[in-house]
Amino acid sequence: METLLTVRELRKTYRRGGGVFSQGTGGARFTAVDNVSFSINRGETFAVVGESGCGKTTLARMLLRLIEPDGGEILFEGRNLLTLRGEALRSQRRQMQMVFQDPFASLNPRMRVSEIVAEPLAIHEPGLSETERLARTTAILGRVGLNEDAMRRYPHEFSGGQRQRIGIARALILQPKLIVADEPVSALDVSVGAQVLLLLQELQREFALAYIFISHSLPVVAQLATHIAVMRAGLFVETGPADKVLDQPQHDYTRELLSAVPELPGA
Amino acid sequence: MELPTAAGWVRPVNEVSLSISAGESLGLVGESGSGKTMLSLALMGLLPLGARVSGEASLATEASTKSLMALGEREWRDVRGGEIAMVFQEPMTSLNPVMRIGAQIEETIRAHHPKLSANEVKRKAVDSLRRAAVPEPEARAEQFPHQLSGGLRQRAMIAMALAAGPRLLFADEPTTALDVTVQKQILDLLDGLRRELKLGLLFITHDLGVVAQVAERVAVMYAGRIIEEGPVRNVLAKPLHPYTQGLLRSSPTLKRGALMPIPGAVPQLIALPPGCAFEPRCDLRRAECAAEIPALRTSGGDHAARCILV
Chain A
1 METLLTVREL
11 RKTYRRGGGV
21 FSQGTGGARF
31 TAVDNVSFSI
41 NRGETFAVVG
51 ESGCGKTTLA
61 RMLLRLIEPD
71 GGEILFEGRN
81 LLTLRGEALR
91 SQRRQMQMVF
101 QDPFASLNPR
111 MRVSEIVAEP
121 LAIHEPGLSE
131 TERLARTTAI
141 LGRVGLNEDA
151 MRRYPHEFSG
161 GQRQRIGIAR
171 ALILQPKLIV
181 ADEPVSALDV
191 SVGAQVLLLL
201 QELQREFALA
211 YIFISHSLPV
221 VAQLATHIAV
231 MRAGLFVETG
241 PADKVLDQPQ
251 HDYTRELLSA
261 VPELPGA
Chain B
268 MELPTAAGWV
278 RPVNEVSLSI
288 SAGESLGLVG
298 ESGSGKTMLS
308 LALMGLLPLG
318 ARVSGEASLA
328 TEASTKSLMA
338 LGEREWRDVR
348 GGEIAMVFQE
358 PMTSLNPVMR
368 IGAQIEETIR
378 AHHPKLSANE
388 VKRKAVDSLR
398 RAAVPEPEAR
408 AEQFPHQLSG
418 GLRQRAMIAM
428 ALAAGPRLLF
438 ADEPTTALDV
448 TVQKQILDLL
458 DGLRRELKLG
468 LLFITHDLGV
478 VAQVAERVAV
488 MYAGRIIEEG
498 PVRNVLAKPL
508 HPYTQGLLRS
518 SPTLKRGALM
528 PIPGAVPQLI
538 ALPPGCAFEP
548 RCDLRRAECA
558 AEIPALRTSG
568 GDHAARCILV
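Going down the list, the protein sequences come from chains A and B.
Start counting the first sequence at 1; every next residue gets the next number (my numbering).
Start counting the second sequence at 268; every next residue gets the next number (my numbering).
Certain hints may be false.
To be verified - Non-contacting residues of chain A with respect to chain B, defined by C-beta distances greater than 12 Å in every case (computed):
| # | residue |
| --- | --- |
| 1 | Glu-77 |
| 2 | Asn-80 |
| 3 | Glu-87 |
| 4 | Leu-89 |
| 5 | Met-111 |
| 6 | Pro-120 |
| 7 | Thr-131 |
| 8 | Arg-133 |
| 9 | Pro-155 |
| 10 | Lys-177 |
| 11 | Val-185 |
| 12 | Val-220 |
| 13 | Glu-263 |
Stated by the list, open to error - Some chain B residues close to chain A (C-beta under 7 Å, calculated; not the full set):
| # | residue |
| --- | --- |
| 14 | Glu-298 |
| 15 | Ser-299 |
| 16 | Arg-397 |
| 17 | Asp-446 |
| 18 | Val-447 |
| 19 | Gly-476 |
| 20 | Val-477 |
| 21 | Ala-479 |
| 22 | Arg-500 |
| 23 | Leu-503 |
| 24 | Ser-518 |
| 25 | Pro-519 |
| 26 | Leu-521 |
| 27 | Pro-528 |
| 28 | Ile-529 |
| 29 | Leu-576 |
To be verified - The calculated DSBU-like cross-link candidates involving lysine-lysine, where the alpha carbons are at most 30 Å apart (straight line), are:
| # | chain 1 | residue 1 | chain 2 | residue 2 |
| --- | --- | --- | --- | --- |
| 30 | B | Lys-451 | B | Lys-391 |
| 31 | A | Lys-244 | B | Lys-451 |
| 32 | A | Lys-244 | B | Lys-522 |
| 33 | A | Lys-177 | B | Lys-522 |
| 34 | B | Lys-465 | B | Lys-389 |
| 35 | B | Lys-505 | B | Lys-451 |
| 36 | B | Lys-522 | B | Lys-465 |
| 37 | B | Lys-451 | B | Lys-465 |
| 38 | B | Lys-391 | B | Lys-505 |
Since the hints were made in silico from the structure, they are not lab data.
Heads up, the beta-carbon is just placed ideally off N, CA and C, and yes, glycines get one too.
With the hints as constraints, model all of the structure from the sequences given.
If you want it as structure tokens, here you go:
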């Protein structure tokens, strides 16, 4: 299969301690992401699992260059994103979009849903006519399960699950090849989260999307992942095909995470 | 319980009956808006403004039997913290950020045992931290909430809740904000304390896996009503109500590809269906389901559900 994204020795360190008044002198450095390498094919899901503070969100954000890495390479279809500038970077970036955890904080409360979902088009396809933009917006909202009536409304009028669908529509409207999803269902109710997970699965098949799926939850990750990386203290302590990591974990920490999952009787 | 809204009165808690014995843990399961938190607040005398409540609730301890719904605000103050205590989801917003942990616990103890000397209060506060398995309790008592990890903060919350010796503990999603490995430790701690102190525990959660671990009995709420109740093993292994069945199929487990969401969404309280509130989403619905609200029927023993198929 065709490799979409390759990450080599990606690294990010921050200065520890300090604070507002310390003028940034001294202080030990703290490694948030420590020489992480992996690759993902088209249509696959690479899941990164770890507990709070393990570096998984920093990693996700670096992939989109929302945080600048200190070192390493991010090759998207063979081109190193870290050396791209200006227009070249912008045209690569439209191929990779993000879905955020908090459906309340990630949608501008003053924008109508039609404006939120169409905004990426305004940036990346400014030449598009009003009619075309409207058609694309309606189509993608329909695909994620929201009707035309939603277009005129504001985010606060929607439930958490519907807001997450709006966020997914916004991520999909540019027809990206890769979606980075950071805890996309952890703020949702169980039955709503299950609907969103299944929607993500359908969209993946339909558009041959690759997902980088960031989560603290092994059961959630187990539903979608083709590959799983278990992250602790900035390092991938175990990586492999999902079945292997879940069924024959090699690292003690993976075993610990698996054994901490509350089990359902009969499941 | 009824609440006024712009569109009319709604009932977030509707015809709910339950009991918890000393030393027993009841899991209360439901999704957002099911009424599980409202129910616990009503039982703590913490009603939202304008709420109307009818029904009975009584608390029987070694010392006395109290009718909770008849209590005045002065009496509630003795019951809250003294006989019924609560632990919330987010310890950081429930703890005072500018007060040392020990001082916050001492405040609770002093409120319920005003005659104790300062030294005794201090000793009791440290004891309660120790009981909640906080390492180095003397040193931790001197720290502020931001100096503690999420798991330790939740332990401090539990210590505070138990400091004045309540008989009943309401835990509202106490582990939802925590990592799984920490969650496991907190669940084990609560389980141990319940047995040791013969506490009645009402554990409120949306997570069926957590319920399986902490509860002996479970009640499932949907749109304000308890729609299924029974021993946790029976309810989770052989759910009677289609909503409970759907919730189980919606819960991700390590088993892959078994996820089956419930179609549709939870109904608005202001526009509940005339019959069973789950009827519009139910695969197994029949004509009579829309006609009237089903009564709680038992399938034999103490396992019951509000469904005509039982």
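Okay, the hints, checked on the actual structure:
no., hint, result
1, Glu-77, "29 Å, holds"
2, Asn-80, "34 Å, holds"
3, Glu-87, "41 Å, holds"
4, Leu-89, "35 Å, holds"
5, Met-111, "23 Å, holds"
6, Pro-120, "27 Å, holds"
7, Thr-131, "32 Å, holds"
8, Arg-133, "29 Å, holds"
9, Pro-155, "17 Å, holds"
10, Lys-177, "24 Å, holds"
11, Val-185, "9 Å, violated"
12, Val-220, "5 Å, violated"
13, Glu-263, "6 Å, violated"
14, Glu-298, "4 Å, holds"
15, Ser-299, "5 Å, holds"
16, Arg-397, "24 Å, violated"
17, Asp-446, "4 Å, holds"
18, Val-447, "4 Å, holds"
19, Gly-476, "3 Å, holds"
20, Val-477, "5 Å, holds"
21, Ala-479, "6 Å, holds"
22, Arg-500, "6 Å, holds"
23, Leu-503, "5 Å, holds"
24, Ser-518, "6 Å, holds"
25, Pro-519, "4 Å, holds"
26, Leu-521, "5 Å, holds"
27, Pro-528, "4 Å, holds"
28, Ile-529, "5 Å, holds"
29, Leu-576, "19 Å, violated"
30, B/Lys-451 to B/Lys-391, "26 Å, holds"
31, A/Lys-244 to B/Lys-451, "24 Å, holds"
32, A/Lys-244 to B/Lys-522, "13 Å, holds"
33, A/Lys-177 to B/Lys-522, "28 Å, holds"
34, B/Lys-465 to B/Lys-389, "24 Å, holds"
35, B/Lys-505 to B/Lys-451, "25 Å, holds"
36, B/Lys-522 to B/Lys-465, "36 Å, violated"
37, B/Lys-451 to B/Lys-465, "21 Å, holds"
38, B/Lys-391 to B/Lys-505, "45 Å, violated"
Consistency with the previously given hints fails for numbers 11, 12, 13, 16, 29, 36 and 38, ordered from lowest to highest.
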